[in-house]
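Model the full assembly from the supplied sequences, consistent with the hints where possible.
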Amino acid sequence: MAKRRAFVGCCARTDGCVLAAGHRGACHVAEMEEVDYVVEAIRDERERRGKLPTTEYLVKWKGWPEEDCTWELEQTLASCPLILRAWRKARKTPAPATTVAPPGMSDASGGRRSLNR
Numbered sequence: 375m376a377k378r379r380a381f382v383g384c385c386a387r388t389d390g391c392v393l394a395a396g397h398r399g400a401c402h403v404a405e406m407e408e409v410d411y412v413v414e415a416i417r418d419e420r421e422r423r424g425k426l427p428t429t430e431y432l433v434k435w436k437g438w439p440e441e442d443c444t445w446e447l448e449q450t451l452a453s454c455p456l457i458l459r460a461w462r463k464a465r466k467t468p469a470p471a472t473t474v475a476p477p478g479m480s481d482a483s484g485g486r487r488s489l490n491r
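Everything in the sequence shown is counted per our numbering, starting at 375 for the first residue and increasing by one.
Derived from the structure by calculation, the hints contain no laboratory data.
Glycine included, every Cβ here is placed at the ideal spot set by N, Cα and C.
Some hints could be false.
[As the list claims (entries may be wrong)] Mimicking DMTMM-like on lysine to aspartate or glutamate, the simulated pairs with C-alpha atoms at most 20 Å apart in a straight line are:
hint, residue 1, residue 2
1, Lys434, Glu419
2, Lys434, Glu421
3, Lys436, Glu408
[Stated by the list, open to error] Just the calculated beta-carbon pair ranges, DEER-fashion:
hint, residue 1, residue 2, range
4, Leu456, Glu421, 21 to 27 Å
5, Thr450, His397, 22 to 28 Å
6, Arg462, Leu426, 16 to 22 Å
7, Ala400, Pro427, 39 to 45 Å
8, Thr428, Ala386, 32 to 38 Å
9, Pro427, Arg398, 40 to 46 Å
10, Ala400, Lys436, 18 to 24 Å
Take a look at the structure:
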């Protein structure tokens, strides 16, 4: 069984709260995977080699400290095309031909993604 990651910036008021420390209002007890988080920025990228090479991005989550950045697969960031474009422009990395946002998904969602954090 995989050891569950402890997040530095997680609320400590209520056991199991998945909101960032210092949040306002009531705590929200759930699994981290069940909550939508907002992508603030991409900090780094890496290529994973293997049978199916993939690109992963180090994501900074809005309201969470740098210590809680996580590596996410490119396809999980499909709702954040403007953030990905800005990262690639800054890095001068061309977009892969297969990176397309699903219909109806755009940065209008605020970069929200349900991810395995």
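| request: Note whether the CB distance of proline 427 and arginine 398 lies within 40 to 46 Å or breaks it. | output: 42 Å, holds
| field | Beta-carbon spacing of arginine 462 to leucine 426 - inside the hinted bounds 16 to 22 Å or not | value | 21 Å, holds
| said: Can you confirm whether the C-alpha distance between lysine 436 and glutamate 408 stays at or below 20 Å? | reply: This hinted pair holds, its Cα atoms lying about 17 Å apart.
| query | Should the hint that alanine 400 and lysine 436 are 18 to 24 Å apart at their CB atoms be regarded as holding? | reply | Given range 18 to 24 Å: holds, Cβ gap about 19 Å.
| field | Hinted pair lysine 434 and glutamate 419, Cα distance within 20 Å | value | Between lysine 434 and glutamate 419 the Cα gap is close to 12 Å, so the pair holds against 20 Å.
| Range hint 21 to 27 Å: satisfied by the CB atoms of leucine 456 and glutamate 421? | 22 Å, holds
| message | Check the hint pairing lysine 434 with glutamate 421 against an upper bound of 20 Å on the C-alpha distance. | response | Holds - the C-alpha atoms of glutamate 421 and lysine 434 are around 18 Å apart, at most 20 Å.
| query | Has the hinted range 22 to 28 Å been met by the Cβ atoms of threonine 450 and histidine 397? | reply | 23 Å, holds
| request: Confirm or reject the claim that alanine 400 and proline 427 have a C-beta distance inside 39 to 45 Å. | output: Once the Cβ atoms are compared, 43 Å apart, the range 39 to 45 Å for proline 427 and alanine 400 holds.
| query | CB of threonine 428 to CB of alanine 386, is that within 32 to 38 Å? | reply | Between threonine 428 and alanine 386, where Cβ atoms are some 34 Å apart, the hint holds.
No hint from the list above goes unmet by this structure.
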